[in-house]
Every structure is written in C-alpha cells, then in structure tokens.
Amino acid sequence: MHGRAEGLAGGFVTVDQELEREFEARLTECSTLAFRVAYGVLRHREDAEDVAQEAFAKAYRSFRQLRDRDRFRAWLVRMAWRMALDRQRSNRRRVAREERVAPDAASSHDGIVEGERAALLWQAIDGLSEKLRIVIVLAGIQGHDIKEIAALLDLPEGTVKSRLFLARQQLKDALSWMNEPR
Amino acid sequence: MDERAPLSDDVLDRELQQALGVEPSPEFAARVRMRLATEAIASTWGTRSWAAVAAVAVTAAAAAMVLTIGSGRERPATPAAIATRTLSISGTAAPRIDASASPGPTSRSERRASFAASRADRTPRLELPDVIVPAGQERALRMFAEAAWQQRVQPASGSSPASEEPLEIAPIEPAPVDIEPLPQMAALEGDRP
Chain A
1131 MHGRAEGLAG
1141 GFVTVDQELE
1151 REFEARLTEC
1161 STLAFRVAYG
1171 VLRHREDAED
1181 VAQEAFAKAY
1191 RSFRQLRDRD
1201 RFRAWLVRMA
1211 WRMALDRQRS
1221 NRRRVAREER
1231 VAPDAASSHD
1241 GIVEGERAAL
1251 LWQAIDGLSE
1261 KLRIVIVLAG
1271 IQGHDIKEIA
1281 ALLDLPEGTV
1291 KSRLFLARQQ
1301 LKDALSWMNE
1311 PR
Chain B
670 MDERAPLSDD
680 VLDRELQQAL
690 GVEPSPEFAA
700 RVRMRLATEA
710 IASTWGTRSW
720 AAVAAVAVTA
730 AAAAMVLTIG
740 SGRERPATPA
750 AIATRTLSIS
760 GTAAPRIDAS
770 ASPGPTSRSE
780 RRASFAASRA
790 DRTPRLELPD
800 VIVPAGQERA
810 LRMFAEAAWQ
820 QRVQPASGSS
830 PASEEPLEIA
840 PIEPAPVDIE
850 PLPQMAALEG
860 DRP
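Quick mapping for you: the protein sequence lines, in order, are chains A and B.
Residue numbering for the first sequence follows my numbering, beginning at 1131 and increasing consecutively.
Residue numbering for the second sequence follows my numbering, beginning at 670 and increasing consecutively.
Because the hints were derived from the structure by calculation, they are not lab data.
Incorrect hints may appear among the rest.
Facing chain A, a subset of chain B residues (Cβ under 10 Å, in silico) [stated by the list, open to error]: (1) Ala688; (2) Leu689; (3) Glu692; (4) Val701.
Some chain A residues near chain B, calculated using beta-carbon distances under 10 Å [claimed, not checked]: (5) Glu1150; (6) Tyr1169; (7) Arg1173; (8) Arg1175; (9) Glu1176; (10) Glu1179; (11) Glu1184; (12) Phe1186; (13) Ile1271; (14) Gln1272; (15) Gly1273; (16) Arg1298; (17) Lys1302; (18) Ala1304.
Even glycine gets a Cβ: it sits at the ideal position worked out from N, Cα and C.
Taking the hints into account, I'd like the entire structure generated from these sequences.
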C-alpha cells in the first residue's frame, strides 16, 4: 500500500516542471522561426542569434501568460522583430559591413554573383516600409501563408493580403533584372 | 526604355526563401538553454530575495504595531501619581443627569467628565489619598463615601457595639420529661397470667 502511494506520488510533476517541459517544446519548435525573423532584419547570423536568444529569455520570464502555442508563436515573432529593429538601429555599422561582405560568398565567380544577387535582394527588402517588410519576410520564412501571417501579426487576413500584394509589387519592380537568364 | 519583364511570383518566392532559409548555428539551441538556465537561477534568487524582504517587512510591521498598541494603552499609575491625585466628594446629593434636557455630552466618559466638573465647582474638596479599587467597584465605593459624608449611613453601623464584647453562650438545660404508660397497655398487661 505504502509502495503504491509512493509510486503514485512519483508520477506527479510540479507546476514548474510542467512549465519547463512546455517551454522546452516551444523552444525546439520556434527557435529557427525566431532566428529567421531576426535574420530577416539584421542579416547577421551572430546578431540574429543574440536577438532570438534575448527574445526567448523574455518569453521565459512571462511564459505563464504565453502558454498557448499560437499566442506564444505570435508573441515571439513580434518580439524578435522589434528587438531586431532596435539592434539594427543601434548597430548600423555592422549591418553595412554585412551588406558589403555577403554571408556565404565564395571565391568563385558563381559565388560572387550569388552574393551580389542576395545583397541586391536585401537592399530591395530594406527599401520596403516596415509594415510591408515584416509581411514579406514572414511569407519567405517556412512558407507561411496569409492566414498564418495574420495570426502571427494579429492582423485581419485582408490587411495581410493587401500588404503582401504591395510588397511583392515593389520587390518585383526593384528586382526585375532577375528575370534575365543568369 | 526598359524592356525587361517584371519578376514572376515564383522567382520572387524562390529568391526570398533562399535568402531567408538560413539555419542558426548548431550551438544556438545550447546557448539559448544556457541563457535560460541563468535566467531561471536569477529568477529563483530574485524570488528568494523578495521573500526575504517581505518577511523582514512583515516582521517590522508587526513590531511597530505591537509598540504602537503598547504605548496607546493606559499605563498603571505610579506611586507618585497616586500620592498627588485627589478624591473629590460632594457635600450635596448627587445630581441626576437628564439626557433629554439638553444635547450635552453623549458618551459615558464625557458625561462623567462634565458631571465631575460641575460638581467640583460647588462642592468642598476633601484631600484624601487615592485608593486603588477594582474598576467595577469604583462607583459603589464612591456612592458609599458620599453617603457616609452626608451621614446618611454610618460606616460602622454594620457592626453593633456589643459585637466587640465576647459572646457568651449559655448551656442548654432541657426540662425532665416524664413518660406515662398508656392505659390500654396497662390493662393488657393486667390480663396476662
């Protein structure tokens, strides 16, 4: 009898342990998302990792209010985006250096061309307004559709659709030379 | 004139996914977990320090409350205070207080204070040492003192002058009792052989 009671007690977990497990699951699920959102602004791997890490630390502090999966993802995306913008504003020099040196630029001719294409693409993305930029970045990350972007940004789907259309139009105009054969 | 065709959606999506399809470094997750572990320890220490601060604050508040209540209580009179206090006994009958006559003091202590003040103006004061009596007997003792002062009662009347002499108890001497035999019983005894 006593052994059975001990066995039952051993099966229980405290609230904190349950929260830790849930947060670990969210971390595994959303770490790449947070990193890519930050990278979409900063285009610097270490900076983006720092920002994503800080966003997770903030989420950890208030995880009791963010236990819902969708709410957590939306909160994390918006937090990572804002923190990345703050980092970008305070670290303009580093971003400029990153633009000059493409991340995976190789020494070959193809690599140089790829780096230039990426730099010009980012330049076009940076030319978008902030509202359009986050929509197009989220659309380019993990293939988010309009409904998912609307949920992440807490916006109506119609608003996301129109913003996505405008962003695409501006990018197409700016990057029309990419249609030419390489 | 620019004859280039606009970029197709497929090409744009491919370019965007290629630009944003960057993976974090392999140690990124480990760094985040380490950061969170530090955060957890810090929050635990923060909680403990807040608990300690709260405990100290509660203790200080309790001590302050005890001191406040202790100082608010009426302190027992010192011997010196007893010696200097006076007891006022009126020479006239105690006036009755008519609560409906005027909107005077309402509380009992106020009525008592106004009564004592009005009586002090028209009564001779007798300087007597203070007597410590229980609170419940104060009024009775005061009434008795006033009645004695007015000679309505004799403080010694409760005991007669003879009571001071030793009481002699006379022995009881009962009268002798003669019991006469019943006549029927005597007749019955005469019939026996």
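Right, here's what the structure says about each hint:
Hint status for alanine 688(B) relative to chain A: holds, with the closest Cβ pair at about 5 Å, below 10 Å. Hint on leucine 689(B) holds. Least Cβ distance to chain A is approximately 4 Å, under the 10 Å limit. The criterion of a C-beta within 10 Å of any C-beta in chain A is met by glutamate 692(B), whose closest approach is roughly 7 Å, and the hint holds. Hint on valine 701(B) holds. Least Cβ distance to chain A is approximately 5 Å, under the 10 Å limit.
The beta carbon of glutamate 1150(A) comes within 8 Å of a beta carbon in chain B, closer than 10 Å, and the hint placing it at the interface holds. Restraint check, tyrosine 1169(A) versus chain B: the minimum CB separation of about 5 Å is within 10 Å; hint holds. For arginine 1173(A), the interface hint holds, since its Cβ comes within 10 Å of a Cβ in chain B; the closest pair sits about 9 Å apart. Given the 10 Å rule on beta carbons, the hint for arginine 1175(A) holds: about 7 Å separates it from the nearest Cβ of chain B.
With a least beta-carbon distance of about 8 Å to chain B, the hint placing glutamate 1176(A) at the interface is held under the 10 Å criterion. Checking glutamate 1179(A) against chain B: minimum C-beta separation of about 5 Å stays under 10 Å; hint holds. Against a cut-off of 10 Å between C-beta atoms, the interface hint on glutamate 1184(A) holds, since the closest Cβ of chain B lies about 8 Å away. A distance limit of 10 Å between C-beta atoms decides the matter here; for phenylalanine 1186(A) the minimum to chain B is near 5 Å, and the interface restraint holds.
Of the supplied interface hints, the one on isoleucine 1271(A) holds, with its beta-carbon coming within about 5 Å of a beta-carbon of chain B, less than 10 Å. Interface restraint check for glutamine 1272(A): the shortest CB-CB distance to chain B comes to about 9 Å, inside 10 Å, so the restraint holds. Below 10 Å, beta-carbon pairs count as interface contacts, and glycine 1273(A) has one with chain B at about 7 Å; its hint therefore holds. Satisfaction of the interface hint for arginine 1298(A) is found here, the shortest Cβ-Cβ separation to chain B being roughly 6 Å, below the 10 Å cut-off.
With its C-beta approaching chain B no nearer than about 4 Å, lysine 1302(A) sits inside the 10 Å limit, and its interface hint holds. Annotation: alanine 1304(A) was flagged as interfacial toward chain B, and the flag holds, the nearest CB pair being 9 Å apart, inside 10 Å.
No hint from the list above goes unmet by this structure.
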